[in-house]
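Those protein sequences? They're chains A and B, same order as listed.
Using our numbering, the first residue of the first sequence is number 10, and each one after it goes up by one.
Using our numbering, the first residue of the second sequence is number 1284, and each one after it goes up by one.
Among these hints, one or two may not hold up.
As the list claims (entries may be wrong) - Listed below are the simulated BS3-like cross-link pairs for lysine-lysine, each with C-alpha atoms no more than 30 Å apart in a straight line:
#	chain 1	residue 1	chain 2	residue 2
1	B	K1457	A	K141
2	A	K141	B	K1480
3	B	K1517	B	K1480
4	A	K66	B	K1517
Stated by the list, open to error - Derived DEER-like restraints, expressed as beta-carbon distance ranges:
#	chain 1	residue 1	chain 2	residue 2	range
5	A	L91	B	Y1458	47 to 53 Å
6	A	R250	B	I1618	38 to 44 Å
7	B	P1518	A	G335	20 to 26 Å
8	A	G72	B	F1286	32 to 38 Å
9	A	D155	B	I1602	28 to 34 Å
10	A	Q69	B	Y1458	45 to 51 Å
11	B	L1352	A	R379	51 to 57 Å
12	A	D155	B	L1440	49 to 55 Å
What the hints assert, rightly or not - Short, incomplete list of chain B residues facing chain A, as computed with Cβ under 7 Å:
#	residue
13	P1518
14	Y1519
15	E1521
16	T1522
17	I1524
18	A1525
19	K1526
20	G1527
21	R1531
22	Y1537
23	P1616
24	R1617
Please keep in mind that the hints were generated in silico from the structure rather than gathered at the bench.
All of these numbers come straight from a predicted model, not from anything done at the bench.
Cβ coordinates follow ideal geometry from the N, Cα and C atoms, glycine included.
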Amino acid sequence: MAALLDVSSLTIGFGDAAAVVEDVSFRVEKGRTLALVGESGSGKTLTCRSILRILPKAAQLRGGSIRWTPGTDGAALDLLTLPERRMRDLRGSQISMIFQEPMRSLSPLHRLGDQVSEVLHLHQSISRAEAKRQVLAQFDRVGFADPERAWRSYPFEMSGGMRQRAMIAMAMVGRPELLIADEPTTALDVTTQAQVLGLIKELQAEIGMAVILVTHDLGVVANMADEVVVMNRGRVMESGRASDILGAPAHAYTAKLFAAAPMIPATPSPARAMPHDDLILDIRNVSKSFTMRAGGWRGPVAVTACRDVNLSLQRGKTLAVVGESGSGKTTCAQVALGAVQPDPGGEVLFRPVPGAEPINVHNMTETQRRSFQRQAQMVFQDPFSSLSPRMRIQQALTEPLEIHGIGNRAERREKAAQTLQLVGLSPDMLGRYPHAFSGGQRQRLSIARALTLDPKLLVCDEPTSALDVSVQDQILTLLEDIRDQAGLSYLFISHDLAVVARIADEVAVMRAGVIVEQAPPGTLFHDPRHPYTRALIAAQPEPDLSRPIDLDLVAQGAGEPSGWPEMFRFEGTEAPVLRELSPGHMVRCHV
Amino acid sequence: MMFLRYAVYRFATMLLTLWVVSILVFIIINLPPGDYLSNQIAELRATGQADGVAKAEFLRREYALDRPLYQQYLIWVGFAPGPQGFSGLVQGNFGWSFEFDRPVAEIVGDALWLTVLVNLSAVLFVYAVALPLGILQAARSETWADYTAGFIGYLGLATPNFLLALILFYYGHKYFDLPIGGLMAPEFEGQPLSWPKVKSILLHLIVPTFVIGTSGAAAMMQRLRANMLDELDKPYVETAIAKGMSPRRMLTKYPLRVAFNPFVADIGNLLPAMVSGSVLVSVVLGLQTIGPYLLTALKSQDQFLAGFVLMFVALLTLIGTMISDMLLVLLDPRIRYGDRKR
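Model the full assembly from the supplied sequences, consistent with the hints where possible.
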């Protein structure tokens, strides 16, 4: 029997340049899941878009065929030569697609009900009432508590996870035979990712459709795929059954991907607590609430971003704050750097050298402020927007020195060259502009920019979450090396426990503006106590077929704090206190 | 309900703005030294016409021009009693035109609604031309359709209006027998509204509409094209195509809806640009709008006439912005529900 989809020797290129997808072949069987794995620029997205023929205008299909054999005895169609009008009939009804960014893949100006039911109206002659009935049933199926309300809602009224559920509802409502999911969970928090993956799997089993899952995450592959195709630079490196490839990758590139994939280590015993005798940064009782103007004629609303945060960072160590979007972790970092004033009662103390008189970061003299700004620097998340595209690298690196009046022109240049070497780049790159660098190189540059002033403290806000796994691995190694060489201390903000597991000496898990659990990583992964920490750990997809995501654990901890087991439950907004259960291990719970 | 509240709120701010504008207008008119009457009195004195001086002095008192400026302002607007009691803009008394020696209301009466008519039809023309052409340009970007429309647009933008008017008059008259100048055939002036009169006005409107609207249409076309091209790159467009929509429906349902917002917001800007832009055109075309009156009044410091015309233009602008704001609220749920609880 013919495969549902048979892609053979697909070749795509732009202009006169060499092909960006070359001789790619794979087959998708009915009801099965194929994972297309690769890093950015591997051609996996172009490949899956060519199936629906929604390529960018400039892309040329240079060869190959895509044969589509729907139904039980349908004739095969070549999707690359099918007339546009017939192609249109296939899109959305037989083959549908979910995109990476749920925030932007839905029209902001149309109600969800309108956008989803449109799929039905486009492909069937169906009454409005019947279409609405089917869409509501689908909304219910993808997990909207109130389908009627979802029908009336606009996308901007929903969280990212809910929007992705709406996208899934839109893709599934036409009961397609093939679903193409292009990085469907990359933009989502890890617990949301686990739930969305679970949902796709469930719905797939229900209507027996095939899935092509495009991803860079081997953990996601292990949880979802039957077959795997690994791509690099437009070519297929390796393909086969998921169990074979994940068990024993044959190709060196696949093995490299595995080595780079961050994992939560299996820890045999709890770790020793980080000492707290020489603190470089001491965050005490910090709360921060914002008053938001609702706009127009409404009264302002107070929003608490974080509450009762107590954190202390030992000199030369790394303290990680982990949480999902909206957990208050970034506010903590901003308060720590003095960029945001905490509510009265909180203070942040900074000790540049051991035993020195601490500086109150929110109450500094002008001289103190200047010296603090030299000693505490920040590395940002997005290396593409944190460097000015109009400044040469040399300018970007010497600017902080100029501002602080350090050295003369030649000395500044020398310092910039040194710093570039420190982050593993060559000094002859000083004359270039940022656009000439790849994502990983740019992140090295923004680390270099932070290092030119020889700071003592580096605040890293998700420094690797915009990068490919293999690059992420390199950047983490770099950060570790610099920390040990230059005796730096890191306040490391992240949503990814696996990244944190590797670099941190102590981890604080935040949820709903409070720290729910705090411990050295060894202890945290060996003996997580809080349901939310457990959910985070359980939701982390592992590239190991024998350790699938435990959705029950995720669902239990990732919900609202009022739904946690009694021992951890919040009473309204009132949270239990943070208790030290064993030395260095603190959990927010009732006794 | 919420919309009603917003409308009331918006109307209140409009009145407030209008009040501020009235102060500014009054100040600007009184900035040049002297006023119409004192200029006239000086001239009459110089030529020794004593009874003329007496009449001018009488008018000065009658219209409170002998009082301090702030009192003049209050009387003009109608917030304070003048020689005839409360009788200002608020009460519907627009004052006296010294230049024409007639009440302002009588002079501008017909011109008012002709102004509204000319500019309204120009606005409609702008939208009717810019909307389809802008979409066409975006949808067929970088093809001959795009380039042709763009070329014509720039030509319209670059040609001076009065030149365009003269050219159109000449050829319009030569080939289509279109009337030259004015807004209606002379025999209908001052006549009550009748079917032949309406027909005559519509025929006369063709050239002025085209002349006043062309540059606005060209500018708006380019803006719409740019907006649409931005929107066409957004992921939701891809989603719509992946659903199986035809390009035409997709284009009008999704990107156009988003690109349309600045378009609507432009109504407010379009009106004043046209009214002030059409002053010269009105003079050239001999249109009986308030444009030419404004020009004369400003030149001779005929302050009540000038003040009234400026206030009227300001009112048109404010009404335009109010309409566009309210339409935006209706069109864009992000403005409407931006603060609704999740």
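Hint check:
With a C-alpha separation of about 60 Å, the suggested pair K1457(B) and K141(A) falls outside the 30 Å cut-off, and the hint is violated. Distance check on the hinted pair: K141(A) and K1480(B) sit about 53 Å apart at the alpha-carbon level, beyond 30 Å; violated. Taking the CA atoms of K1517(B) and K1480(B), the gap is near 51 Å; set against the 30 Å cutoff, the hint is violated. Proposed proximity of K66(A) and K1517(B) is supported: the alpha carbons are some 14 Å apart, at most 30 Å.
At roughly 51 Å, the beta carbons of L91(A) and Y1458(B) sit within the given window of 47 to 53 Å. A hinted range of 38 to 44 Å is violated for the C-beta pair R250(A) and I1618(B), which are about 52 Å apart. Roughly 23 Å separates the CB atoms of P1518(B) and G335(A), a value that falls within the hinted 20 to 26 Å. In this structure the hint that G72(A) and F1286(B) lie 32 to 38 Å apart at CB is violated, the actual value being about 57 Å.
As the Cβ distance of D155(A) to I1602(B) is approximately 41 Å, the hint placing it in 28 to 34 Å is violated. Between Q69(A) and Y1458(B), the C-beta spacing of about 49 Å keeps the proposed range 45 to 51 Å intact. For the hinted restraint 51 to 57 Å between L1352(B) and R379(A), the CB-CB distance of approximately 54 Å keeps it satisfied. The supplied range of 49 to 55 Å is met by D155(A) and L1440(B), whose beta-carbon atoms lie about 52 Å from each other.
Given hint, P1518(B) at the interface with chain A, holds; its Cβ is 4 Å from that chain's nearest Cβ, closer than 7 Å. Hint status for Y1519(B): holds, given a least beta-carbon distance of 5 Å to chain A, under 7 Å. Contact between E1521(B) and chain A, as hinted, is supported at the beta carbon level, the nearest pair being about 6 Å apart and thus within 7 Å. A distance limit of 7 Å between C-beta atoms decides the matter here; for T1522(B) the minimum to chain A is near 5 Å, and the interface restraint holds.
Nearest Cβ of chain A to the Cβ of I1524(B): about 5 Å, under the 7 Å cut. The hint holds. A cut of 7 Å between beta carbons decides the hint on A1525(B): the least distance to chain A is about 4 Å, and the hint holds. Among the interface hints, the one on K1526(B) holds; its C-beta lies about 4 Å from the nearest C-beta in chain A, closer than the 7 Å criterion. Hint status for G1527(B) relative to chain A: holds, with the closest Cβ pair at about 4 Å, below 7 Å.
For the restraint placing R1531(B) at the interface with chain A, the shortest Cβ-Cβ distance is roughly 11 Å, beyond the 7 Å limit, so the hint is violated. Here the hint on Y1537(B) is kept, as its CB sits about 5 Å from the closest CB of chain A, short of 7 Å. Contact between P1616(B) and chain A, as hinted, is supported at the beta carbon level, the nearest pair being about 5 Å apart and thus within 7 Å. For R1617(B), the shortest C-beta to C-beta distance to chain A is roughly 6 Å, which falls under 7 Å, so the interface hint holds.
Figure legend: structure checked against the earlier numbered hints; hints not met, in rising order: 1, 2, 3, 6, 8, 9 and 21.
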